[in-house]
Amino acid sequence: MSLSSSLPPALGLSTLIWRYVRQFVRLDSKEALQYVYIVTLGADQPGIIGKDQLELAWDLVRRIVVLANAGPAWDELVGGFRADGMRFVCLFSSCFAYRDTH
Amino acid sequence: MQTGAIEQAAPLLKLDDGHNLNAEIFVPAARQAEESDRVLQAIKLYNLAGEYTTVINSLATALGTTLAAPGGGGERARSLEAAAIDITRHYERVGRAPGRARDAGVQLLRIREALDAKADGRVDRALEVGVHSITPYTC
Chain A
7 MSLSSSLPPA LGLSTLIWRY VRQFVRLDSK EALQYVYIVT LGADQPGIIG
57 KDQLELAWDL VRRIVVLANA GPAWDELVGG FRADGMRFVC LFSSCFAYRD
107 TH
Chain B
153 MQTGAIEQAA PLLKLDDGHN LNAEIFVPAA RQAEESDRVL QAIKLYNLAG
203 EYTTVINSLA TALGTTLAAP GGGGERARSL EAAAIDITRH YERVGRAPGR
253 ARDAGVQLLR IREALDAKAD GRVDRALEVG VHSITPYTC
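Protein sequence lines, in the order shown, are assigned to chains A and B.
For what it's worth, this note's numbering labels the leading residue of the first sequence as 7, then goes sequentially.
For what it's worth, this note's numbering labels the leading residue of the second sequence as 153, then goes sequentially.
Warning: the hint list may mix true and false statements.
Stated by the list, open to error - Only pairs whose alpha carbons sit at most 30 Å apart, straight line, appear in this in silico DSSO-like list of lysine-lysine:
no. : chain 1 : residue 1 : chain 2 : residue 2
1   : B       : Lys166    : A       : Lys36
2   : B       : Lys270    : A       : Lys57
3   : A       : Lys57     : A       : Lys36
Hints were generated in silico from the structure; no laboratory data involved.
With these hints in hand, go ahead and build the complete structure from the sequences.
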């Protein structure tokens with residue numbers, strides 16, 4: 007909750023969500039990511055407010071990527087790797103080509 | 153091919169094309185990972201973002217650090233070197249990010265191979281790798 011003399015009281019949704027997910031972000035980053043989608047629900051707010059909500063959501067995603075423990079779960083979070091472990095094959099562009107056409 | 157959870161969620165995050173996902177998530181996260189000394193994660197993220205030259209530069213720097221580390225740098229260094237081998241082979245195969253940094257990475261990996269062979273008592277193998285692979289420094 008933020009209280010300002012010039013503005014009405016406001017609830018910082020992204021801050022609340024981060025305080026909750028940071029407890030388990032290292033161990034279960036994919037679960038933490040699920041909570042971030044709630045922040046993007048405010049993206050249709052008029053003017054700069056909607057954009058701000060998106061920026062806050064993206065910031066949470068970046069924090070999750072950086073803080074999550076390395077390992078297979080992290081690879082599942084960011085993608086781009088074969089299921090057999092550390093094999094490094096960049097199929098990034100084909101992935102987006104797939105998504106663009108579907 | 154494994155699509156990551158973030159890519160799958162891109163529409164929910166209003167990141168509907170690859171460029172946005174790179175610019176808003178992968179590249180800044182890679183920088184943050186680098187600053188937090190999570191080099192391998194940073195390199196993987198740069199690779200996902202298509203920043204291949206940065207991948208190779210970061211790898212060469214990181215390999216130089218692990219080679220100089222006492223005792224070879226431990227498990228973390230081994231993971232980095234394993235990833236470096238896969239990345240370098242893949243980049244060489246597809247002709248990606250050619251140049252001095254990639255060549256330096258290849259040489260550093262060969263030095264590691266020679267050091268490992270020496271540590272295992274296979275001195276002949278160590279010499280073979282060294283003689284055939286490492287270009288002497290010339291002015």
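Which earlier hints turn out false for this structure, listed by number in ascending order? 2
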